[in-house]
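One letter stands for each residue in the lines below.
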Amino acid sequence: MEEDKHMEEGETEKGLEVAPAIIASHPTQNSVSVAVGSDLRVFDLRGDCPVNLVDDSGGPMHNDSIRAIRYGASGKRFVSAGDDKLVKIWSAETWHCIHTVNSEKRVTAVAISNDDLYVCFADKFGVVWGVDLHALDDNQTLVNMKPSPMLAHYCSIITSLEFSPDGRFIVSADRDFKIRVTVFPKKPLDGAHEIQSYCLGHTEFVSCVAFLCTLDYPHGLLLSGSGDSTVRLWDISSGSVLDTCEVGAKAGLLESNGSEEDSSTVTDLCVIPGSMFVAVAIQSLQGIMVLSCDISARTLCVAKVVSIPGENFIPTSLGCSSSAELLWIVTGVSNLRGFDYPSLARVRVISGFKKGNPDSSIVLEDNEIPGGEKLLEKLQGTISIEENVFSAAAEAVKTAMSNLLLKKQYPSERREFRKRTRNDRKIKK
Amino acid sequence: MLQSKSNPTLSKSTGLPRKRFYRARAHSNPLSDSHFPVPVSPSHVDYSLSYPLFFTSSDQADSSRKIKFADIGCGFGGLLISLSTLFPDTLMIGMELRDKVTEYVKERILALRISNHSQYQNISVVRTNSMKYIPNYFEKGQLSKMFFLFPDPHFKEKNHRRRVISMHLLDEYAYVLGIGGIIYTITDVEELGDWMKTCLESHPMFEALAEEELEADPVVKLLSSATEEGQKVARNGGQTFQAVYRRVVPSQ
Numbered sequence: 001m002e003e004d005k006h007m008e009e010g011e012t013e014k015g016l017e018v019a020p021a022i023i024a025s026h027p028t029q030n031s032v033s034v035a036v037g038s039d040l041r042v043f044d045l046r047g048d049c050p051v052n053l054v055d056d057s058g059g060p061m062h063n064d065s066i067r068a069i070r071y072g073a074s075g076k077r078f079v080s081a082g083d084d085k086l087v088k089i090w091s092a093e094t095w096h097c098i099h100t101v102n103s104e105k106r107v108t109a110v111a112i113s114n115d116d117l118y119v120c121f122a123d124k125f126g127v128v129w130g131v132d133l134h135a136l137d138d139n140q141t142l143v144n145m146k147p148s149p150m151l152a153h154y155c156s157i158i159t160s161l162e163f164s165p166d167g168r169f170i171v172s173a174d175r176d177f178k179i180r181v182t183v184f185p186k187k188p189l190d191g192a193h194e195i196q197s198y199c200l201g202h203t204e205f206v207s208c209v210a211f212l213c214t215l216d217y218p219h220g221l222l223l224s225g226s227g228d229s230t231v232r233l234w235d236i237s238s239g240s241v242l243d244t245c246e247v248g249a250k251a252g253l254l255e256s257n258g259s260e261e262d263s264s265t266v267t268d269l270c271v272i273p274g275s276m277f278v279a280v281a282i283q284s285l286q287g288i289m290v291l292s293c294d295i296s297a298r299t300l301c302v303a304k305v306v307s308i309p310g311e312n313f314i315p316t317s318l319g320c321s322s323s324a325e326l327l328w329i330v331t332g333v334s335n336l337r338g339f340d341y342p343s344l345a346r347v348r349v350i351s352g353f354k355k356g357n358p359d360s361s362i363v364l365e366d367n368e369i370p371g372g373e374k375l376l377e378k379l380q381g382t383i384s385i386e387e388n389v390f391s392a393a394a395e396a397v398k399t400a401m402s403n404l405l406l407k408k409q410y411p412s413e414r415r416e417f418r419k420r421t422r423n424d425r426k427i428k429k
Numbered sequence: 001m002l003q004s005k006s007n008p009t010l011s012k013s014t015g016l017p018r019k020r021f022y023r024a025r026a027h028s029n030p031l032s033d034s035h036f037p038v039p040v041s042p043s044h045v046d047y048s049l050s051y052p053l054f055f056t057s058s059d060q061a062d063s064s065r066k067i068k069f070a071d072i073g074c075g076f077g078g079l080l081i082s083l084s085t086l087f088p089d090t091l092m093i094g095m096e097l098r099d100k101v102t103e104y105v106k107e108r109i110l111a112l113r114i115s116n117h118s119q120y121q122n123i124s125v126v127r128t129n130s131m132k133y134i135p136n137y138f139e140k141g142q143l144s145k146m147f148f149l150f151p152d153p154h155f156k157e158k159n160h161r162r163r164v165i166s167m168h169l170l171d172e173y174a175y176v177l178g179i180g181g182i183i184y185t186i187t188d189v190e191e192l193g194d195w196m197k198t199c200l201e202s203h204p205m206f207e208a209l210a211e212e213e214l215e216a217d218p219v220v221k222l223l224s225s226a227t228e229e230g231q232k233v234a235r236n237g238g239q240t241f242q243a244v245y246r247r248v249v250p251s252q
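Chains as they are written, first to last, in full-length UniProt numbering: chain A, 1 to 429; chain B, 1 to 252.
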């Protein structure tokens with residue numbers, strides 16, 4: 001009976017499913033992109049104008065929530081994918097959709113290999129697929145671009161996909177607390193069979209992973225954020241945890257409202273390129289937390305909290321270019337019920353990480369953002385947003401995330417109680 | 001004797017658990033969310049609970065002794081019990097998804113430990129979903145043998161992803177098996193036998209054992225004779241299909 005009730009709840013909520021707004025910045029800040037719901041919005045910072053997306057791949061446009069957007073490391077390509085099972089590969093220069101790949105299942109994460117030759121995407125059933133892009137360069141007919149399964153997490157939602165900075169590994173994180181490091185083979189479409197390590201230590205779903213690398217440390221260290229309110233630092237070749245930063249406790253202290261201690265899920269991580277700093281988005285924090293990583297000591301500690309005053313602004317996604325002048329932050333949600341904004345997106349920018357000192361970072365006012373009002377109008381859909389929408393949006397994002405990724409917890413008494421009629425138990429007592 | 005009197009689930013004559021109290025469904029859904037505890041990582045596995053004679057307290061950090069054999073889907077534990085005396089110094093574990101069956105094997109091992117002093121201390125059983133949590137139990141290259149005896153055939157094509165041998169899961173088994181480690185599979189379902197053989201054959205990290213190696217390996221004979229399922233097949237005069245492969249370093 002109890003189970004039925006849960007099932008029903010699950011069913012009814014499906015119709016109300018919301019998706020958080022996500023943001024990505026071009027590696028050299030030529031453009032910035034926001035996806036909210038099925039809407040992909042791009043602003044060209046070089047040309048200082050909104051971008052019109054052109055789809056000549058013949059596939060349909062996105063018609064359901066976009067869950068992942070990503071620029072390739074070279075900045076030539078861009079990928080968007082989501083619940084409509086479409087993976088769209090764009091030119092990040094002309095903003096033409098070059099190719100649309102059909103996935104069998106909903107897509108939860110995407111990555112582009114460092115050499116731009118492969119697009120990898122993960123579906124809701126834990127399979128990571130590879131698409132060969134060689135044909136795009138040679139201007140051949142796109143016959144060979146069917147996705148092939150490369151690896152799988154057994155029926156677990158993959159939350160994040162990332163190539164290592166040296167391109168040797170592909171890292172996949174899942175809802176079952178696991179991070180898998182797989183050797184990225186020479187022929188990826190034949191399958192990525194060789195597992196380098198598992199990074200195990202999180203005690204809740206892993207929500208995001210990112211690499212931190214420097215000139216002295218080209219292989220990089222892996223960072224991961226999780227529903228267990230920690231950010232961890234890993235050595236991927238052995239899978240051992242180097243340090244754990246309890247960001248939830250720190251955020252709780254700073255917020256000091258006490259009541260919402262359980263909602264310090266780390267939702268996104270963004271390494272500020274060329275520095276030792278990592279921006280962290282936390283579900284209860286109005287602003288971002290900046291962690292500082294000491295590569296030689298292999299430690300991670302809180303450097304600063306940059307709060308965003310005024311609005312109830314809890315970021316859903318972070319983006320940064322490798323020129324690292326600006327950290328782009330978005331909050332928002334699709335399908336927000338009961339408000340005039342069916343899809344809310346609010347973009348903020350933090351500047352000043354460049355000097356390697358987070359104390360110099362400041363939250364830019366709307367008129368100081370490059371692109372100014374034109375950019376906000378494109379990416380947000382509107383310039384001004386009523387403030388009361390934000391808390392509702394934050395709540396909706398939180399609920400959606402825990403419905404998707406948290407496992408139902410049954411206390412041990414309850415589990416024992418359900419076994420009470422079992423033959424082997426009945427008689428023993 | 002006293003003990004068995006107080007516990008009617010144990011047989012009075014042998015002290016072993018009686019199967020009729022542990023009847024369970026033949027199949028369990030490996031896709032469903034599991035609610036049993038899972039160790040965070042292999043270093044969190046408490047060996048002192050499973051092997052109390054070898055690990056007196058939970059300070060196992062200094063111990064180099066690790067589990068070497070894993071029987072995946074061990075069922076009622078027949079193979080483990082045969083292997084226990086054949087390799088008395090090797091730690092082995094059975095992994096079973098069905099709670100009642102796990103309880104049975106637990107009781108069976110405890111009873112065997114009591115009635116055969118100092119034997120059967122090297123085997124244990126854990127309730128887990130091995131398709132999801134193998135890396136939580138074993139480190140890279142830790143195992144030397146893995147057993148998949150008479151697994152669920154999952155005939156329907158849409159259920160093939162529930163099969164315990166698949167290309168993707170073999171990646172994980174290759175990860176926990178050391179170089180030279182051996183994977184043993186057997187089934188009485190020809191279609192599944194073909195499937196398992198095809199998967200292993202096309203996986204770059206496994207290679208078939210030669211005929212004479214199979215002859216020389218004492219474990220191979222146990223595959224069809226030691227388990228309850230195997231005995232049932234033999235009783236009914238059924239055919240079995242086995243595939244035994246070695247973990248190798250992939251070429252290139």
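Careful, some of the hints might be misleading.
As the list claims (entries may be wrong) - Below are the DSS-like pairs computed for lysine-lysine, each with C-alpha atoms no more than 27 Å apart in a straight line:
#1 B:K158 with A:K146
#2 A:K250 with A:K146
#3 B:K221 with A:K408
#4 A:K187 with B:K100
#5 B:K66 with B:K232
#6 B:K158 with B:K66
Unchecked claim - Okay, the calculated bits of chain A under chain B, using three or more residues with CB under 8 Å as the criterion:
#7 111-122
#8 206-219
What the hints assert, rightly or not - The following label-pair restraints were derived from C-beta to C-beta distances:
#9 A:N63 with B:A234: 55 to 63 Å
#10 B:M167 with A:E93: 34 to 42 Å
#11 B:N116 with A:T203: 38 to 46 Å
#12 A:E17 with B:S225: 30 to 38 Å
Note that these hints are calculated values from the structure, not bench results. Glycine included, every Cβ here is placed at the ideal spot set by N, Cα and C.
Checked hints:
1. Pair hint B:K158 plus A:K146 holds up; C-alpha atoms about 21 Å apart against a cutoff of 27 Å.
2. Of the supplied pair hints, the one linking A:K250 and A:K146 is violated, its CA atoms being roughly 46 Å apart against a limit of 27 Å.
3. Restraint check for B:K221 and A:K408: the C-alpha separation of about 44 Å exceeds 27 Å, so the hint is violated.
4. Proposed proximity of A:K187 and B:K100 is contradicted: the alpha carbons are some 45 Å apart, above 27 Å.
5. With a CA separation close to 33 Å, the supplied pair B:K66 and B:K232 exceeds the 27 Å bound.
6. For the proposed pair B:K158 and B:K66, the alpha carbon gap of about 37 Å is over 27 Å, so the pair is violated.
7. Only when three residues or more bring their CB closer than 8 Å to a CB of chain B does the claim for the stretch 111-122 of chain A stand; here the count is 0, and the claim is violated.
8. Counting residues of the stretch 206-219 of chain A whose CB lies closer than 8 Å to any CB of chain B gives 0, so the stated coverage by that chain is violated, three being the minimum.
9. Remark: the range hint 55 to 63 Å for A:N63 to B:A234 is upheld by a beta-carbon distance near 57 Å.
10. Taken as a hint, the range 34 to 42 Å holds for the pair B:M167 and A:E93, whose Cβ atoms sit roughly 38 Å apart.
11. The hinted range of 38 to 46 Å is satisfied by B:N116 and A:T203, whose Cβ atoms lie roughly 39 Å apart.
12. The given range of 30 to 38 Å is broken by A:E17 and B:S225, whose C-beta atoms sit roughly 53 Å from each other.
When held up to the earlier numbered hints, the structure conflicts with 2, 3, 4, 5, 6, 7, 8 and 12 and fits the remainder.
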